[in-house]
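Note that the protein sequences, when read in sequence, are chains P and A. Numbering of the first sequence is given in the numbering used here, commencing with residue 1 and proceeding in unit increments. Numbering of the second sequence is given in the numbering used here, commencing with residue 1 and proceeding in unit increments.
Source of the hints: derived by calculation from the structure; they are not laboratory data. In this text the structure is predicted, and so the values were computed from the model without any measurement. Heads up, some of the hints might be wrong.
[Said to hold, decoys possible] Within a straight-line C-alpha distance of at most 20 Å, the following computed PhoX-like cross-link-like pairs (lysine-lysine) qualify:
no., chain 1, residue 1, chain 2, residue 2
1, P, LYS469, P, LYS143
2, A, LYS30, P, LYS366
3, P, LYS366, A, LYS60
4, A, LYS27, P, LYS366
5, P, LYS143, P, LYS233
6, P, LYS143, A, LYS60
7, P, LYS217, A, LYS60
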Amino acid sequence: MAIPKVCGIETEYGIVLRGGGDSNPIAASSLLINAYVSSLHSKVDWDFEDESPGSDARGYNVGGSPPPEVETHLVNAVLTNGARYYVDHAHPEISTPECLDAREVVVWDRAAEQILLASMNAAVQLLPPGQEVVVYKNNSDRKGNSYGCHENYLMDRTVPFGRIVTGITPFFVTRQIFTGAGKVGSEAPGMGSEVSFQLSQRADFFEEEVGLETTLKRPIVNTRDEPHCDPQKYRRLHVIVGDANMSEVATFLKVGTTALVLAMIEDDVLTRDLRLAAPVQSLRRTSYDVEMSQTLDLANGDSITALEVQWEYLTHAQKYAETHGLEAVGTQVGGDVIRRWEQVLTALEADPMTLADQLDWVAKWKLLSAYRERDDLQWDDPRLAAMDLQYHDLRPQRSLFARMNLERLSGDDEVVSAMTEPPLTTRAYFRGKCLQRWGDQIMAANWDSLVFDVGNDPLRRVPMMEPLKGTAAHVDQLIRECATASELLERLGA
Amino acid sequence: MAEREQIRKTTPERKEEVVEAPPATEKGDKLKAELDDLLDEIDEVLEENAEDFVRSYVQKGGQ
């Protein structure tokens, strides 16, 4: 049976220092994060001991080309909600804590936005009058520079990687019909004037089917093999093909449907061969086809639309729910995912505009189309490009997304709580609670361990190699009963 | 299209799409008025100089 699809999202945000002339994005990102962290009680640094981004899931380490850069000298903090908040590639980035299902990801991803917003408010206090740091949750600067919103899913190590690639690629190529955040124009070479509006922020930037890169020649399926847990039992599928979503429904569907398809791949129930003849071209073709009417060529010679590919996966998922159950993705959440998936595909087929209160690309398309019509603008008018960017502005008073009143799945109170509290359901609970209780005695933390400094003893590392151990059910009582970190370590036998 | 029909056969549980009558004029007018109000509201918060804003929004490439 498929293993639980522990999952999370890491988002690199666009950043601008306004009113300050030419700014250094690394300095602005550092200022932003430091302003937030210094407003909290204590700061715990990230520990790079077990990082190995050069490991490849196909079974080798990259030697010829350098592994992806890890900027160890930059700001890097672990938060009491179990998240990591850091500077990466000249962007502020938050990785959510490990979550058990798509709904939890929605809540902690929304909490991450609120942390960025609180950071902007803290940073403005440190800046000269007239200056502010502004953060955008998008994936491109419209000039060919892209930054990512990556997803991560726990997979059973015994599943052959080739089966994952075959099963997931047609899904990744076509899921953008509901996960896309929408973009005016295209940044792919030679496409600028051909495309007025496309479904996805990211499709322009993908050049390979499978590979290890994340910043150049981006692949549809990324092979980074860095499980951050027991490598004998698990892999972490690192997904780089998605857009950052403002819409909670889009995030819920993105993570929920992907987790479900991965569970089906683990249980080997995908029977129909949907391999595409040209996945990279199909990814762009799908993104450029706002009418969703064009067909994609399958490797077996048939042709199929993106919507039909999604119906095919949905049909498999509906059968899978009956034959195998949905425990791997959360029984209730999995059922919600399947219902919404069907509703969204039905609406996309009948009249996409009815989804303007649910999906990012539709909301953006509706807004920009109406504005364009009112003022009789061409698609290359800078006002539309500006609105495209401003849709993703995280400041509530400036965000165009906020004006569109999209459906919420999270509650305000649970989002505020998730800014400081970890999920109850994964090892993030142990990490977050230890940081709350004994933050000043934790020297370093990373996904799979905590390092304690309790006075005269040597540093003690507590390994957390099982993503589903260290939940509230496992350790809440233990943590409550321990008066000191030393007592905790003693009882853990660390 | 044969491909499409074949897929439809595999999903008999799907509800048929209900084709709704076009919205009454009154409702259509209301929606348009709401959208007009939204666009007016958006005019208030849009970046003042769209061209400068778009030009100066430059990011380093990331992952």
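Hints and how they fare:
1. P/LYS469 to P/LYS143: Cα-Cα ~44 Å, so violated.
2. A/LYS30 to P/LYS366: holds (16 Å)
3. P/LYS366 to A/LYS60: Outside the cut-off at roughly 29 Å; violated.
4. A/LYS27 to P/LYS366: OK: A/LYS27 and P/LYS366 at ~18 Å, within 20 Å.
5. P/LYS143 to P/LYS233: Distance of about 42 Å is beyond 20 Å: violated.
6. P/LYS143 to A/LYS60: Given pair P/LYS143, A/LYS60 holds - Cα atoms ~10 Å apart, limit 20 Å.
7. P/LYS217 to A/LYS60: Satisfied, since the Cα-Cα distance of roughly 16 Å is no more than 20 Å.
In this structure, the hints that do not hold are numbers 1, 3, 5, in rising order.
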